[in-house]
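Novice: For reference, the chains in residue letters:
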Amino acid sequence: MLSCEQATRLLSEGQDRTLTFPEKMNLKVHTAMCSGCREFGRQLGSLRTLIQEEKDAGPAPGKK
Amino acid sequence: MAAENQLHVTFRDEDIESLRKQMLSFARLQLDDEHLAEDAVQEALAGALKNASSFSRQSTLKTWVFSILRRKIADVLRGQYREPVREACKECSTDDDELFDGRGHWQAGATPRRWGDTHELADSTQFWQVFDTCLEALPAEQARVFMMREFIELDSAEICASLELSTSNLHVLLHRARLKLRACLSDHWFEREA
Ligand SMILES: [Zn+2]
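Note that the protein sequences, when read in sequence, are chains Y and L. Residue numbering for the first sequence follows my numbering, starting at 1032 and increasing by one per position. Residue numbering for the second sequence follows my numbering, starting at 75 and increasing by one per position.
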């Protein structure tokens, strides 16, 4: 069973690389029971989306 | 200078000039040598501006530029003291954590709670002010890799190569950065006292 620290580490790495099948399974088991880590994962996704939206909308008219 | 030409696209000359001045006074404090300070600022600015188009707000650009300047200054200082080439990743140590208890579980007050609707939040100037403050509060190396990853959208291999970091060090830095950033955003935006 993963600790929350380990689970958040995997959730973070999931933003940067493809997780292995066992890693995904372990995460699934953990987040099914842990609302904190579930929210953490969601929030990482929100952060990425927000930054993307902000960049797309940014005041950079002449961007190449 | 070539790097400056690229920049006109997004930022005005005055903005860059004021940024350069702030950098210079910061570098002078750290280095105590006018020439070294100017060199460090010049190099950091040129390096940073290559990716300036990834940052649409002046304040995020500033955090980015300063994270590079701090690293330059650290390099200069290291050179002066002739220390071993690469220091161990000092921000990698997983101590001093108020987020997790001894068994690695969320501390009571630190457990993430639902952020609520983030729809259209990207348009909120106030939100980005809070965001920038939180980003700036991160240790420089963490802020830097986070920005390289999320704003410049480099992949892990590119970041590791350019900073001479191992993949696992990078993952540690990004993990720390994300933990702190989301905690800061929760405290100062999503769960702030009205
Ligand atoms: Zn957990």
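Just so you know, the hints here were simulated from the structure itself, not pulled from any lab data. Be aware that one or more of the hints could be misleading.
What the hints assert, rightly or not - Examples of chain L residues toward chain Y, derived with CB under 10 Å:
{"hint": "1", "residue": "F100"}
{"hint": "2", "residue": "R102"}
{"hint": "3", "residue": "D106"}
{"hint": "4", "residue": "S130"}
{"hint": "5", "residue": "F140"}
{"hint": "6", "residue": "H245"}
{"hint": "7", "residue": "D261"}
{"hint": "8", "residue": "R266"}
No residue lacks a Cβ here, since even glycine has one placed at the ideal position from N, Cα and C.
Novice: Does each hint fit the structure? Answer for all of them.
Specialist: Hint check:
Hint on F100 (chain L) is violated. Least Cβ distance to chain Y is approximately 26 Å, over the 10 Å limit. Contact between R102 (chain L) and chain Y, as hinted, is not supported at the beta carbon level, the nearest pair being about 32 Å apart and thus beyond 10 Å. Proximity of D106 (chain L) to chain Y is violated relative to the hint, the smallest CB-CB distance being about 37 Å (cut-off 10 Å). Proximity of S130 (chain L) to chain Y holds as hinted, the smallest CB-CB distance being about 2 Å (cut-off 10 Å).
With a cut of 10 Å, the hint placing F140 (chain L) at the interface with chain Y is violated, because the nearest CB-to-CB distance is about 19 Å. At its closest, the beta carbon of H245 (chain L) sits 5 Å from a beta carbon of chain Y; the interface hint therefore holds under the 10 Å criterion. Against a cut-off of 10 Å between C-beta atoms, the interface hint on D261 (chain L) is violated, since the closest Cβ of chain Y lies about 13 Å away. The restraint placing R266 (chain L) at the interface with chain Y is violated, with a minimum CB-CB distance near 15 Å, outside the 10 Å limit.
Of the numbered hints stated above, those contradicted by the structure are hints 1, 2, 3, 5, 7, 8, listed in ascending order.
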